[in-house]
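Residue numbers (numbering that gives the first Met the number 0): 0 to 375.
Derived from the structure by calculation, the hints contain no laboratory data. Predicted model only: the values in this text are computed from it and were never measured. Please note: incorrect hints may appear among the correct ones.
[What the hints assert, rightly or not] Pairs of lysine-lysine, BS3-like flavour, derived with a Cα cap of 30 angstroms:
{"id": "1", "residue 1": "Lys-81", "residue 2": "Lys-203"}
{"id": "2", "residue 1": "Lys-284", "residue 2": "Lys-259"}
{"id": "3", "residue 1": "Lys-367", "residue 2": "Lys-259"}
{"id": "4", "residue 1": "Lys-258", "residue 2": "Lys-367"}
{"id": "5", "residue 1": "Lys-336", "residue 2": "Lys-284"}
{"id": "6", "residue 1": "Lys-336", "residue 2": "Lys-367"}
{"id": "7", "residue 1": "Lys-284", "residue 2": "Lys-333"}
{"id": "8", "residue 1": "Lys-81", "residue 2": "Lys-213"}
{"id": "9", "residue 1": "Lys-203", "residue 2": "Lys-258"}
{"id": "10", "residue 1": "Lys-367", "residue 2": "Lys-39"}
{"id": "11", "residue 1": "Lys-41", "residue 2": "Lys-284"}
{"id": "12", "residue 1": "Lys-251", "residue 2": "Lys-336"}
{"id": "13", "residue 1": "Lys-39", "residue 2": "Lys-203"}
{"id": "14", "residue 1": "Lys-41", "residue 2": "Lys-213"}
{"id": "15", "residue 1": "Lys-258", "residue 2": "Lys-213"}
{"id": "16", "residue 1": "Lys-284", "residue 2": "Lys-258"}
{"id": "17", "residue 1": "Lys-203", "residue 2": "Lys-251"}
{"id": "18", "residue 1": "Lys-86", "residue 2": "Lys-213"}
{"id": "19", "residue 1": "Lys-213", "residue 2": "Lys-284"}
{"id": "20", "residue 1": "Lys-81", "residue 2": "Lys-39"}
{"id": "21", "residue 1": "Lys-284", "residue 2": "Lys-39"}
{"id": "22", "residue 1": "Lys-41", "residue 2": "Lys-258"}
[Stated by the list, open to error] Simulated restraints, written as ranges between beta carbons of each label pair:
{"id": "23", "residue 1": "Thr-8", "residue 2": "Asp-372", "range": "20 to 30 angstroms"}
{"id": "24", "residue 1": "Asp-372", "residue 2": "Asp-265", "range": "56 to 66 angstroms"}
{"id": "25", "residue 1": "Glu-26", "residue 2": "Asn-156", "range": "32 to 42 angstroms"}
{"id": "26", "residue 1": "Gln-310", "residue 2": "Thr-356", "range": "15 to 25 angstroms"}
{"id": "27", "residue 1": "Thr-46", "residue 2": "Ala-340", "range": "28 to 38 angstroms"}
{"id": "28", "residue 1": "Ser-32", "residue 2": "Asn-101", "range": "52 to 62 angstroms"}
{"id": "29", "residue 1": "Gln-125", "residue 2": "Ala-340", "range": "16 to 26 angstroms"}
All C-beta atoms in this analysis are idealised placements derived from N, C-alpha and C, irrespective of residue type, glycine included.
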Amino acid sequence: MIYLDSNATTSVLPEVLESMMPYFTAEWGNPSSSYRFGSKLKTVIETARAHVAELIGAHSQEIVFTSCATESNNSASLAALKANPGKRQIVTSAVEHSSVLNYCMARERDGYRITYLPVDHDGVLQLADLVNAISDETAVVSLMWANNETGVLFPANEIADICRSRGVLYHCDAAQAAGKTDINVREVQTDYLSLTGHKFHAPKGIGALYVRRKTPFLPFVHGGHQERSRRGGTENVALIVGMGRAAELARKSLPSYEKKVRPLRDTLEECILNSVPDTEMNGHKTQRLTNTINITFHGVESESLLLLLDQAGICASSGSACLADSDEPSHVIKAMKPDTAASRQMVRFSLDNLNQTDEIRLAAAAVKQVVQDLRG
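Please model the entire structure based on the sequences and the hints provided.
And the structure:
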């Protein structure tokens, strides 16, 4: 198997799994307990919290553990709306993750006005559109750091500056960016920022939300006093430890990650575009994550191509794994190229620093052969 779908999920690193194991077997107490067998786990949680904070340049107290990025995204938007009960507008983009778009659709049914910012042919957001969209009624701006399908990077720093100058809360979904590109919330002053562990080699089922100091926040999940009363429910210590360890490793390996993955990405992309006729890259050539490729294979349906690639041992996708069971075309490519069939004829290849050069060559050859077979 050649795994080229790291934007969907990543494997749990052996070091991460090793760090988690004691909390399944020996150290299984409840951190909220008064006796030491449980209460000593609070220190373990805080150590993990510190590692997650360091990954994005935050303070430990600004990190709230959640179950996933979807919960983090929903929690941030809800907190912003609750903090601005008289404001009824949400500004987002047409290419956000479904967890943001579907939340906005739900709020639209509640009477909120949703402004969906467009992107250009390369998937790039125009800041002038954001400036024009913000009004006195804007409760929150929710825009991603990096697109999960194309890897295109949004200008998070400039977005933050615009929101701050207009007095509007800014939520950034950074689930796809963390561990792949440098994030420093001291420099990019978002109010809320969402993360999920399984995108950088932690287990699934654990995420985090950064909440800037003094930013309004009400819990999305009510319960006990866990997470400083910001997220109820008994902490899953093993998963928290895993995310902390993965964050620590991701921060240390970030410089080498980019140096290794970018050449692999460029090699795969060039091999496909040069050897397979009627192909087209989707997304900005340089303003994107170092690991992501999105290519349209004109005249070839994504579903058929992915099926044959799977049979050849190549794991790739046609967009977000969260929408894999949907028959709908890619809303991201549709927003970029509304007048073409590209949204039903594209494949995303997303790499990782665990990929090897020989895998890339084999994958490129397999793609060429499969497309030839489908085109007859």
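Open item on the list: Hint compliance check: list the failing hint numbers for this structure, sorted ascending.
Closed with: Violated hints: 10, 11, 12, 15, 19, 20, 21, 22, 24, 27 and 28; rest satisfied.
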